[in-house]
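Protein sequence lines correspond, in order, to chains A and B.
Per the working numbering, residue 625 is the first one in the first sequence, and the count goes up by one each step.
Per the working numbering, residue 87 is the first one in the second sequence, and the count goes up by one each step.
The set of hints was computed from the structure by calculation and includes no laboratory data.
Heads up, the beta-carbon is just placed ideally off N, CA and C, and yes, glycines get one too.
A few of these clues could be false.
To be verified - Covered stretches of chain A, as calculated for chain B (at least 3 residues, CB under 8 Å):
(1) 1038 to 1048
(2) 1056 to 1062
Stated by the list, open to error - Covered by chain A, according to a simulated footprint, are these stretches of chain B (three or more residues, beta-carbon under 8 Å):
(3) 91 to 103
(4) 120 to 131
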Amino acid sequence: MTRTIRIFAAATLAFAASQPAFAAAPAVPNPGNNAWMMTATLLVLLMILPGLALFYGGLTRQKNMLSTMTQIGATASLAMIIWVIWGYSLAFGDTSYEGTLGLFISGGSYFLAGTDMTSTAATFTEEVISKYVFISFQMTFAAITAALILGATAERMKFSAVMAFVPIWLTIVYFPIAHMVWAGGGLLFEDGALDFAGGTVVHINAGVSGLVLAYLLGKRRGWPAEPMPPHSLTLTMVGTGLLWVGWFGFNAGSALEADGSAGLAMINTFVATAAGALAWMVIERAAGHKGSALGFCSGVIAGLVAVTPAAGNSGPFGAILLGIVSSGVCYVFVASVKAKLGYDDALDAFGIHGVGGIVGAIGTAVVYQPFLGGPGDGSTPLGEQLWIQIFSVLVTIAWAGLGTIIAGFIVKATIGLRVSEENEVDGLDITEHGERAYN
Amino acid sequence: MKFIIAIIKPFKLDEVREALGAIGVAGMTVSEVKGFGRQKGQTEVYRGAEYSTNMLPKVKLEIAASDEVAQQVVETIQQTANTEAIGDGKIFVLDLASATRIRTGESGETAL
Chain A
625 MTRTIRIFAA ATLAFAASQP AFAAAPAVPN PGNNAWMMTA TLLVLLMILP
675 GLALFYGGLT RQKNMLSTMT QIGATASLAM IIWVIWGYSL AFGDTSYEGT
725 LGLFISGGSY FLAGTDMTST AATFTEEVIS KYVFISFQMT FAAITAALIL
775 GATAERMKFS AVMAFVPIWL TIVYFPIAHM VWAGGGLLFE DGALDFAGGT
825 VVHINAGVSG LVLAYLLGKR RGWPAEPMPP HSLTLTMVGT GLLWVGWFGF
875 NAGSALEADG SAGLAMINTF VATAAGALAW MVIERAAGHK GSALGFCSGV
925 IAGLVAVTPA AGNSGPFGAI LLGIVSSGVC YVFVASVKAK LGYDDALDAF
975 GIHGVGGIVG AIGTAVVYQP FLGGPGDGST PLGEQLWIQI FSVLVTIAWA
1025 GLGTIIAGFI VKATIGLRVS EENEVDGLDI TEHGERAYN
Chain B
87 MKFIIAIIKP FKLDEVREAL GAIGVAGMTV SEVKGFGRQK GQTEVYRGAE
137 YSTNMLPKVK LEIAASDEVA QQVVETIQQT ANTEAIGDGK IFVLDLASAT
187 RIRTGESGET AL
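In isolation and in its complexed conformation, chain B is listed as follows:
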């Protein structure tokens, strides 16, 4: 099993969610986060004085997927969230040791 963390632009969230739904992803966790990469944040100006905030608002998706589906998930996010502009985000894939559904106690891929 893989644990996929994707950082994307907020306005792409709906599109990515629909695309992932179409390939059978059953659930995900979404958080509003802030961070920076090569885009290096933004500048705000108050009364002529510049403030560098460094952090940009992004959306973080966390998805647990079976090994077979994981690659497809990554590709789908990469294609859907792509605007070919700086700051489109990144996708990280981690090995997932276990998963347990709290209500039933099922574990492994059946819990996903």
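Bound conformation, chain A alone:
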């Protein structure tokens, strides 16, 4: 489990290690790797705007289209600003704390102090990439994770409440989890948890947080008695396509270099997703329905989410398996568990991201093994790796759940979470933003 785990140990460590005792020239970014990482970063931005905005927007009712998209855009923007002020520092900052604190956060580098054009960040080999690129790449992860939560809370949360919730949530939930999983010294990183591109950090985290926030907000008026079909599956399909394309930045970018590991992540992101999409449609048929456009889109996302932690930690056939299993489990949660338990996860942020993330994170232990064509060297037995993965899932669920309760209650007690009943019926586009999606 050496280079397939995302190692974001402080750049300085790798830097020192790559230099012999005598003064050699400092490692400089390889333009090829740097160019790929800049491209990958932009691909993740493509996932947020317009990808996620269209995907979620199309799933809402017409009167909430703009509200959904605006919340996503504004949340991502806010996350980017916070990231450069204190987010990067808490997750990957240059100051490592000794003892327990260091398991959860780092420090230093506030306002990106000490970073300039010549700064570099470590990759998995002796190569380095430009530190500004690394910071930007990670910034897009924080931005999309915060935005993903909004799928669970769509059509009823005040815009001001979203803007108040996001900074608190990022600070107490996202940055510590990113540190725990991806930074050298982090609790789950040191434990050996495999999360190539964010199965726990992004998807389980956002899904569980969305579920908790949906409970705090309450159900949408009329749900589930009143039908609330998506207002434009066409736009949802466009968003799905953009998400799939952008996800290559997410997954293949997480190799941090344009190398074979990125290539493996790329092919896995193709085949797991294709398998997830087809599996969902087959399940629909088996359940007595027609294979639907929304089923296709849902399967695409279920496959993408599940392959995220496994992208560079699986062989292509392991990835196909993950995509199929993820579609099946997500289908059950979206189609029946949600109704049985009565939580209004409006656009299935938990049902697909949370659940698919859990399937992917646990499944990664299996598909990582060499006997399934995975890239693991077999040094960690399946059972042991399985427990490491399950432990990382449990820690993420607990941390995200508890942190969201705290952040949610702070907002609820101060400015309130939910719009008035009248505003909810009239639609958030007009009542929260004063504009309409379609004139």
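Place chain B on chain A using the hints.
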């Protein structure tokens, strides 16, 4: 027979429908409409420029009722749809000359 047209706020529709069901109103026609009264519409802002749309979304109920029930229907709608805020809507009552059920050909109050 009376024909009652009520213009109400959209979010009050469910409540009004339940209240009318409770006093025995058997059917109604509901449309999403736009209009204005004293509330004088709303303003939308696009890139800082204000647009007055004048028209607000409302729901229109059309109910045919016997003379005995009509007053009760009006009172029920007035009480249920009331938020004491501007823009709550209006209720109009018209005389209804005849009513015919298409399937059976019945006419008059039995057709309601």
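Verification of the supplied hints:
1. Remark: the region 1038 to 1048 of chain A is confirmed as covered by chain B, as 3 of its residues place a Cβ nearer than 8 Å to a Cβ of that chain, reaching the required three.
2. Under a criterion of three residues with beta carbons nearer than 8 Å to beta carbons of chain B, the stated coverage of the region 1056 to 1062 of chain A is upheld, 3 such residues being counted.
3. Coverage of the region 91 to 103 of chain B by chain A holds in this model, with 4 residues showing a Cβ closer than 8 Å to a Cβ of that chain against a need of three.
4. For a cut-off of 8 Å, the count of residues in the region 120 to 131 of chain B with a CB near a CB of chain A stands at 4, and the three-residue condition holds.
The structure shown violates none of the earlier numbered hints.
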